[in-house]
Structures are given as C-alpha cells and as structure tokens.
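If you read the sequences in order, they're chains A and B. The opening position of the first sequence corresponds to residue 1 in this note's numbering, with each subsequent residue numbered one higher. The opening position of the second sequence corresponds to residue 1 in this note's numbering, with each subsequent residue numbered one higher.
In short, the hints are calculated from the structure, not lab data. Quantities reported herein were computed from a predicted structural model and do not represent experimental measurements. Ideal Cβ placement from N, Cα and C applies to all residues, glycine included. You may find that some hints are simply not true.
Covered stretches of chain B, as calculated for chain A (at least 3 residues, CB under 8 Å) [stated by the list, open to error]:
| hint | region |
| --- | --- |
| 1 | 60-74 |
| 2 | 177-186 |
| 3 | 190-204 |
Residues of chain B clear of chain A, computed beta-carbon distances all greater than 10 Å [unchecked claim]:
| hint | residue |
| --- | --- |
| 4 | Phe8 |
| 5 | Ser108 |
| 6 | Tyr157 |
| 7 | Ile209 |
| 8 | Ile286 |
| 9 | Ile291 |
| 10 | Lys308 |
Mimicking EDC-like on lysine to aspartate or glutamate, the simulated pairs with C-alpha atoms at most 20 Å apart in a straight line are [stated by the list, open to error]:
| hint | chain 1 | residue 1 | chain 2 | residue 2 |
| --- | --- | --- | --- | --- |
| 11 | A | Lys164 | A | Glu28 |
| 12 | A | Lys75 | A | Glu124 |
| 13 | A | Lys52 | B | Glu240 |
| 14 | A | Lys164 | B | Glu189 |
| 15 | A | Lys8 | A | Glu220 |
| 16 | A | Lys228 | A | Asp54 |
| 17 | A | Lys162 | B | Glu193 |
| 18 | B | Lys171 | A | Asp116 |
| 19 | A | Lys182 | A | Glu220 |
| 20 | A | Lys239 | A | Glu194 |
| 21 | A | Lys75 | B | Glu193 |
| 22 | A | Lys104 | B | Glu240 |
| 23 | A | Lys193 | A | Glu25 |
| 24 | A | Lys8 | A | Asp19 |
| 25 | B | Lys99 | B | Asp128 |
| 26 | A | Lys75 | B | Glu240 |
| 27 | A | Lys164 | A | Asp204 |
| 28 | A | Lys138 | A | Glu124 |
| 29 | A | Lys52 | A | Asp5 |
| 30 | A | Lys143 | B | Glu189 |
| 31 | B | Lys171 | B | Glu240 |
| 32 | A | Lys162 | A | Glu28 |
| 33 | A | Lys137 | A | Glu147 |
| 34 | A | Lys104 | B | Glu254 |
| 35 | A | Lys137 | A | Glu123 |
| 36 | A | Lys162 | A | Glu147 |
| 37 | A | Lys239 | A | Asp204 |
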Amino acid sequence: MLAIDNLKKHFGFVKAVDDVSLNIEEGEIVSIIGTNGAGKTTLVNLISGYIKPDSGRILFFDKDITYASPYVRIKLGVGRSFQLIQLFGGITVLDNVRTALFSKYGMIRRGLLSADRYSSVTEEAIKILDNFNMSDKKNLTPKGLSEGDLKILDIAIAFALKSKLLLLDEPTSGVATSDKFKVMDSIVSAIKKEGISTLIIEHDMDIVSGYSDRVVVMHEGRIMAQGKPDEIMENKEVKATVFGIVS
Amino acid sequence: MIFIALLFIPRILSIHDLMLFEYGITFAIVGLGFNLLLGYTGLLSFGHGAYFAAGAYSVAMIAKYLPQAYSLEILIPAALFFSLVLSIIFGFVCVRHTKIFFSILALSLSMLLYALLFKLYHITGGSDGLRVTLPTLFGMSFKGIRRPEFLSGTYYYFLLGMFSVSFLVMKGIVSSPFGKALQAIRDNEVRAELIGIRVRRYRLYAFMISGMFVGLGGALWTFVNGHVTADLSHWVFSGEIVYMTLLGGFGIFEGPIIGAMIFTYLKLYAMGNTQYWMFVIGATLIVLVLILPNGVAGAVSSLWTKIKLKSD
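Please model the entire structure based on the sequences and the hints provided.
So, in structure tokens, the structure goes:
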C-alpha cells in the first residue's frame, strides 16, 4: 500500500534521510529503530507531509503523494501521532475524538445544531474510546489525564480519521515503564481490529519485538537492515551500531 | 426565569437606568461576537470597533442618504451585510497571522477606517458624526414620540428580542461541530490542520460571524445613543470591547454578557464621580489580571462549584 522509492532529505550537510526505499503491506505493523539522529522522525515527517523531500517518490495505493499537502494525505488515509503529544487541551476527551470525526465526515461546516445532536457521531467516538479503554474518561479534559492516556488519546484521534496507514512516533516515550505494555496493548488491539497498517518509531526493544511484524533498522539516514524481529536482534551489525554490543 | 424578569425591567428601572441597561444589552451582543474570536478561536482583536462602526454607520448613512428605507427591518439586515463585507475584507488580511501580529493588524485596519470616517467630513460628518433619528418598524412610525419613550417602549422589546436571538444563535454556534472545530484550532492549530481542518479558512469564518454580531450590536446601539462618531472605530473603543470581555471572563459563554453589563455601569459611575475614570478602569484591569484571570463570571462559577462540592 505504501511504497517509498529512493527518498532523500538533506538538511545542509546532514543527510537525514538518504536514499531510503521501503514498502509497507496492508495490515502490517512495521517498527523503525535506530540511534538518535538516524532519520526516523524525518522519514515519518516526509510520509505525513510535514516536510517535503529533496528527491524520491512516495506512493500510497499507487497514488503519488510525494509533494501532496498534509490535508490531502489525511483525506487519503495517512494519519499520524506525535512524539510530543499534540492534543486539544481545552476541550473534553470526547470532543477531541469527536472533532476529528466531524472533520473526517466533512461536518464541521454545520454551525447551528449542538454537536450532541449528531448522536451517531458521538456514539462512534465513544466506541473508539472504548477500543482504547478510555471511554470512562470521556468528560475529562486532557489536563486531567496521565501521560499514558494522553499518548493513547493522541493515537485515538489519528484512529478516528479512519487512517489506512498510521504513523506512530514513539507511542510510549514519556510513559511510565510499568504502563508501556498496557498502552501498547490497547493501541495494537485497536489497530488489529481494523486491519490498519502501522509504522512505529520505537526505542524500547521489548516493545518492538513484542508487537511488530517487521523491523527496519535505520542508521545515518539509510536503511541498514530489515527483517523479522528475532532476525534483527541477532544481526551483528545492528547489535554493534544500534545497541552498542560488540560480540 | 431570567427572561421573564427581563420583560418587566422597563417598569422597574428609571429611564436613566433603563438606557444604561440598553447600552449594556447592545454591548452584550458585541461581547458575544467578540468572544467567538477571543474565547473560542483564540484570536485577540484590537480592532473590533471597526465592525461596530460598520453597523452603526450603516444605520446613520441610511438615515442621511436613503431616508425612505429608514425602518428597522431594513436597517438591521443592512448593518449585518455591511459589517459582514468589512469583516471579510479585513479578516482576509488578519487571519494570515496569529497572536500579537493578528491583534496589531486588526488594530491598524480599524484605524484606517477611523481615518476615513474622520477625514471624509462631507460624507460621514467627520468628528461631528451623524445624528440618528427614530426609525420606523413594520410601518409603525414613532414621529412625535420622544427618544426616552421610544426606548422604554417598543424598542426595549425589540432589543430584547434581538439579544435573545443572538444569544441562542451564538450558543448554537459554539456547541456545534463548527464551534468544536474552532476550539480545536484555538487549542492546537498544528493538530487541527492534521485532522483535516482548513485552519485559515475557519479562522476567517469565525472572523466574519464575529464581525456580524459586533455590527449588529453597533446598529442597535445607535438608536439608544442617537448619534454616531468616528471614535467608534478608534482603538480606544476596541480596547473597551476587549476590556469588557476580560472583565466578564472569556472562558465562559455568558462571561462577556456579564462583563458588558458591569462595564456599562462601572464606566458611567466612574465618569460621574471622578475625572480620572480611566484610572478606575485601569486599576480594575490590574486586579482582574492578578486576582480574577477568569473574569467575574469565572470567579462566580468556580465559587459555585466549591459550594456545591462542600454541600455534597
């Protein structure tokens, strides 16, 4: 579904993403690992349209989206979450998700009837929150949530846009270690239910090996290795550069 | 219940107090419109006097140049139309920026209108302004009736009707999907763009609606005041709109209404008792910022929650 060909993005002399080619299949969960500065977030930014590449091509369902605006990509089904959480802090958890749904359905021009009158949208938002075990917190504002819940809500918003491809930038960073698996469990079970393809940037190897179908290792802007999680864990080159283990 | 009480106000208040109350109502409509931008879209305009002036001058100019069309049922739509046109033009420029840049742009554009109103003496009356006579309403003529009688009779109820409609329409807007989208833009414009909201376009929509409400307030105000001057588009007047919204509290829907009422009385009594009334206004502003950041309405509502929690 997603095909990246020879993608390049340089910031001055820094080759953030250098000649990267990558395919993601439908329903596949792919993790990207790599040291700081390996170009993981830049790659996600390029796919979501946050920044534009210097050269190369991004195809999404055979449609060229290399230079499409974020708006167009969202309409096509590329959703993302953020490493630094991006939420709507002044409205309730329910409204955070509901606004995304209204936007998805092109209903945000409706300006006279209360949002509560659109009960099917409200029910759908509650169902999404249910999927992420968040529906009991629907009337709180994000200020009253734990770090883990904020992460989940951030992803629930991307989820509400009915993305076919979700880009998750460090979904568990800042989450207490004891909560990490709980957070990932609710995210992955919701994703699997809908068969959404997912690209995850993650540092925690337990999470990477526990939840992904394929692992891609990036180093200095290039893809160094890819394969099944256990293969990657045994790869000597990866061990040396990413984990710093020399055997 | 409050609404029923409002119906009987002309019988309770003296004509002097009633006029003040009517000033308050017109400013309440202005506050509702202004707060759609400040409280719900996160844009602070220091130039909303311009749209107030657009509404007010629509009335005054029709009185001068098109006297045969001088009836309320034509004047109100005309005021809405001209304030809409002005807010589309000015808004188109302003929404390209946010924060202080937005505020200053809005301010400068309103001062541009001020300069026009001030300099084009033969058309707008310049600093003398224009006189506003009593209009007709659905063929009813108020000839021979003095302004105080007009204000305490038909016009009060007309004003109350317009206020109720504005209140309900604005309440609908802020709780609608459109209103939620505006709040999403206020809270996080980056993410708003990434859930598919065209941020700039929606800011302009908010600006237009806001401008129309303020223009309506301006038009209704002229009949109470009887006179319009270029000062309405001056930034000092725009500052008063900002002040009354902060006074009431922009975080709460009813805040600007309460702020408008308090401000009207506060300004008059401060002006009546001291020539340093600006000092009083300034001092209350400092108190507000330091002690009541959520305004009077915010303070009352948080006090109310505390009492409720205790009694539970």
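Right, here's what the structure says about each hint:
Counting residues of the region 60-74 of chain B whose C-beta sits closer than 8 Å to any C-beta of chain A gives 0, which falls short of three, so the coverage hint is violated. Figure legend: the region 177-186 of chain B, annotated as covered by chain A; annotation consistent (8 residues with Cβ-Cβ distances under 8 Å, at least 3 required). Interface restraint, the region 190-204 of chain B with chain A: holds (10 residues with C-beta to C-beta distance below 8 Å; minimum three). In this structure Phe8 (chain B) is separated from chain A by more than 10 Å, as the shortest Cβ-Cβ distance comes to about 30 Å.
With a least beta-carbon separation of about 29 Å from chain A, Ser108 (chain B) lies farther than 10 Å from that chain, consistent with its non-interface assignment. Look at Tyr157 (chain B): its CB is around 25 Å from the nearest CB on chain A, clear of 10 Å, so calling it non-interface holds up. Distance to chain A contradicts Ile209 (chain B) as a non-interface residue, since its nearest Cβ pair spans about 8 Å, not more than 10 Å. Look at Ile286 (chain B): its CB is around 25 Å from the nearest CB on chain A, clear of 10 Å, so calling it non-interface holds up.
With a least CB separation of 22 Å from chain A, Ile291 (chain B) remains clear of the 10 Å interface cut-off, as annotated. Here Lys308 (chain B) stays apart from chain A, with its beta-carbon at least about 16 Å from theirs, past the 10 Å limit. Proximity of Lys164 (chain A) to Glu28 (chain A) is assessed by CA-CA distance (about 11 Å); at most 20 Å being required, the pair is judged to hold. Proximity of Lys75 (chain A) to Glu124 (chain A) is assessed by CA-CA distance (about 19 Å); at most 20 Å being required, the pair is judged to hold.
Only pairs whose Cα atoms come within 20 Å are accepted, and Lys52 (chain A) paired with Glu240 (chain B) is rejected, the gap being roughly 45 Å. Among the hinted pairs, Lys164 (chain A) with Glu189 (chain B) is inconsistent with the structure: their alpha-carbon atoms are about 23 Å apart, more than 20 Å. For a cut-off of 20 Å, the pair hint linking Lys8 (chain A) to Glu220 (chain A) stands: about 12 Å separates their Cα positions. Restraint check for Lys228 (chain A) and Asp54 (chain A): not satisfied, since their Cα atoms lie roughly 30 Å apart, outside the 20 Å limit.
For the proposed pair Lys162 (chain A) and Glu193 (chain B), the alpha carbon gap of about 16 Å is at most 20 Å, so the pair holds. The straight-line distance between the Cα atoms of Lys171 (chain B) and Asp116 (chain A) is roughly 13 Å, inside the 20 Å bound, and the hint therefore holds. Among the hinted pairs, Lys182 (chain A) with Glu220 (chain A) is inconsistent with the structure: their alpha-carbon atoms are about 32 Å apart, more than 20 Å. For a cut-off of 20 Å, the pair hint linking Lys239 (chain A) to Glu194 (chain A) is broken: about 34 Å separates their Cα positions.
Our distance criterion of 20 Å between C-alpha atoms is met by Lys75 (chain A) and Glu193 (chain B), whose separation comes to about 12 Å. Using a Cα cut-off of 20 Å, the hinted pair Lys104 (chain A) and Glu240 (chain B) is violated, with the two alpha carbons roughly 39 Å apart. Of the pairs offered as hints, the one joining Lys193 (chain A) and Glu25 (chain A) holds, with about 16 Å between alpha carbons and a cut-off of 20 Å not exceeded. Pair hint Lys8 (chain A) plus Asp19 (chain A) holds up; C-alpha atoms about 5 Å apart against a cutoff of 20 Å.
Distance hint between Lys99 (chain B) and Asp128 (chain B) is unfulfilled; the C-alpha atoms sit about 35 Å from each other, more than 20 Å. A threshold of 20 Å between alpha carbons decides the hint, and for Lys75 (chain A) with Glu240 (chain B) the separation of about 43 Å lies outside it, so the pair is violated. For the given pair, Lys164 (chain A) sits about 25 Å from Asp204 (chain A) by alpha-carbon distance, which is inconsistent with the 20 Å threshold. A C-alpha spacing of about 13 Å is found between Lys138 (chain A) and Glu124 (chain A), which places the hinted pair at or below 20 Å, so the restraint holds.
Restraint check for Lys52 (chain A) and Asp5 (chain A): the C-alpha separation of about 14 Å stays at or below 20 Å, so the hint holds. Restraint check: the Cα-Cα separation between Lys143 (chain A) and Glu189 (chain B) comes to about 18 Å, which is no more than 20 Å; the hinted pair holds. Annotation: proposed proximity of Lys171 (chain B) to Glu240 (chain B) is violated, straight-line Cα distance about 23 Å (limit 20 Å). Taken as a hint, the Lys162 (chain A) and Glu28 (chain A) pair is honoured in the structure, with Cα atoms around 16 Å apart against an allowance of 20 Å.
Annotation: proposed proximity of Lys137 (chain A) to Glu147 (chain A) holds, straight-line Cα distance about 14 Å (limit 20 Å). Pair hint Lys104 (chain A) plus Glu254 (chain B) does not hold up; C-alpha atoms about 31 Å apart against a cutoff of 20 Å. Proximity of Lys137 (chain A) to Glu123 (chain A) is assessed by CA-CA distance (about 15 Å); at most 20 Å being required, the pair is judged to hold. At most 20 Å may separate the alpha-carbon atoms for a hinted pair to count; Lys162 (chain A) and Glu147 (chain A) exceed this at roughly 24 Å.
A C-alpha spacing of about 14 Å is found between Lys239 (chain A) and Asp204 (chain A), which places the hinted pair at or below 20 Å, so the restraint holds.
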